[in-house]
Amino acid sequence: MNAALKYSDLYSYGFTDRIGTLAATRSTSKNYQATRIDYVEKFYRALKKLAEDTKVSSNPMDFVKHHAFREILSIGEKAVPLVISEISTRPSLIVLALPMLTGTNVVTPDVQGNLEKISSRWIEWYRRGGRP
Amino acid sequence: VAVDPSIYRQHFPNFDPSQFVITSPKSPAYNCIAYAAGREDMWWWPDVMGFAYWPPSVLRLENLEVFQEAFETLGYSLCSDGSLEDGFEKIAIYHKDGVPTHGARQLENGVWASKLGREHDVVHGEKCLDGEQYGTIAFFMKRPRTTNTRGS
Chain A
1 MNAALKYSDL
11 YSYGFTDRIG
21 TLAATRSTSK
31 NYQATRIDYV
41 EKFYRALKKL
51 AEDTKVSSNP
61 MDFVKHHAFR
71 EILSIGEKAV
81 PLVISEISTR
91 PSLIVLALPM
101 LTGTNVVTPD
111 VQGNLEKISS
121 RWIEWYRRGG
131 RP
Chain B
1 VAVDPSIYRQ
11 HFPNFDPSQF
21 VITSPKSPAY
31 NCIAYAAGRE
41 DMWWWPDVMG
51 FAYWPPSVLR
61 LENLEVFQEA
71 FETLGYSLCS
81 DGSLEDGFEK
91 IAIYHKDGVP
101 THGARQLENG
111 VWASKLGREH
121 DVVHGEKCLD
131 GEQYGTIAFF
141 MKRPRTTNTR
151 GS
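Chains as they are written, first to last, in our numbering: chain A, 1 to 132; chain B, 1 to 152.
Each hint should be verified, as a subset may be incorrect.
No more than 25 Å apart at the CA atoms, straight line, and that leaves these computed lysine-lysine pairs for DSS-like [as the list claims (entries may be wrong)]:
id : chain 1 : residue 1 : chain 2 : residue 2
1  : B       : K26       : B       : K127
2  : A       : K78       : B       : K127
3  : A       : K42       : B       : K96
4  : B       : K26       : A       : K117
5  : A       : K48       : B       : K26
6  : A       : K49       : B       : K127
7  : A       : K65       : A       : K48
8  : B       : K127      : A       : K48
9  : A       : K48       : A       : K117
10 : A       : K55       : B       : K96
On the chain A side, residues computed to face chain B include the following (Cβ under 10 Å) [unchecked claim]:
id : residue
11 : V56
12 : V95
13 : N105
Simulated from the structure, these hints should not be mistaken for laboratory data.
We put the beta carbon where it would ideally sit given N, CA and C, even for glycine.
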C-alpha cells in the first residue's frame with residue numbers, strides 16, 4: 001500500500017524542489033526505513049499546524065512552546081536546510097528553530113525584533129557553511 | 001481584494017462585524033506590542049530567547065509590571081480607562097491570568113487599533129478582542145498626543 005504525498009500542502013508553504021527531489025510515494029513494507037521524504041513531510045505538516053494555531057499570537061514563546069515546533073526540533077539538523085529554504089521564501093518565525101537546531105545564534109542586539117534582518121543573518125550563515 | 005473580517009470570528013467570541021475592520025495586509029514583520037508602541041518594522045516582546053526587541057532598561061520578563069515599564073519608556077503613564085481624551089493617545093495591554101497577551105492603541109477618533117499576531121492590522125471596539133485568545137484588558141496608559149508620535 002502506498003501513501004500519496006500531498007504536494008499542494010508543501011507548495012503552499014513555499015517548498016520547492018531546490019531542496020531536493022521528493023518521491024511521490026513511499027513503501028510501507030516491513031523493511032521500510034525512514035527516508036528524506038518522511039522528515040520533509042513531517043516538517044511541512046508541523047509548520048502548517050504551527051502557523052495555523054499561532055497566527056493571532058504576538059508572543060514568540062507561544063510558537064516555541066507549541067508541540068508542532070517540538071516536532072520540527074525532533075527532526076534534528078536535517079531540518080536546517082528546510083528552515084533556511086522557508087525563511088528564504090518569506091520571513092517566518094520558524095527562524096526561532098535555528099538556534100536550537102544548530103547550537104549557535106546569530107542574533108545580536110542591533111537586529112533584535114527585525115525578522116527580515118535576522119533571517120538574512122541566518123541565510124548568510126548557512127551560505128558560509130554554518131560558520132560565524 | 002477586500003478580506004472578510006469574519007475570518008476572525010473563531011478567535012474572538014465578542015467579534016462584532018459592525019466594529020471590526022481589517023486595515024492592512026498580513027505581515028509577519030511586527031507584532032501587536034510593537035504596533036502599540038508605534039513600530040511596524042519589528043517585534044517587541046520580552047522573550048527569554050532574545051529574539052524580539054525590548055527596551056534595554058526593562059527586564060525581559062512576561063508580566064504586567066514589565067509591560068507597564070516598557071511603555072513608560074515611551075512616555076506613557078497609567079490611566080483609569082480607555083475613554084477618548086482630547087490631547088492624549090492611549091494604549092491598552094491585555095492579559096490572561098496576569099500574563100500579557102496583547103496590546104492595542106487608540107486612534108484619534110477613539111476607536112482601537114491592533115495588529116493580530118502575524119496577521120492583519122484591524123480597528124475594533126474596545127471589547128471586541130476579549131475572550132479566550134487575549135483575555136481581557138489589564139490596564140490603560142496614556143501620554144500627550146503630538147503631531148508625529150508614531151515611528152512609522
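Now for the hints, and whether the structure bears them out:
1. K26(B) with K127(B): Measuring from Cα to Cα gives roughly 22 Å; hence the hint holds.
2. K78(A) with K127(B): With a Cα-Cα distance of about 45 Å, the restraint between K78(A) and K127(B) is violated, given a limit of 25 Å.
3. K42(A) with K96(B): violated, 32 Å
4. K26(B) with K117(A): Given pair K26(B), K117(A) holds - Cα atoms ~19 Å apart, limit 25 Å.
5. K48(A) with K26(B): OK: K48(A) and K26(B) at ~16 Å, within 25 Å.
6. K49(A) with K127(B): Cα-Cα ~28 Å, so violated.
7. K65(A) with K48(A): holds, 15 Å
8. K127(B) with K48(A): violated, 30 Å
9. K48(A) with K117(A): Distance ~23 Å between K48(A) and K117(A) Cα, so the pair holds.
10. K55(A) with K96(B): holds, 18 Å
11. V56: holds, 4 Å
12. V95: holds, 8 Å
13. N105: holds, 8 Å
The structure fails to meet hints 2, 3, 6 and 8 from the earlier list, while all remaining hints are met.
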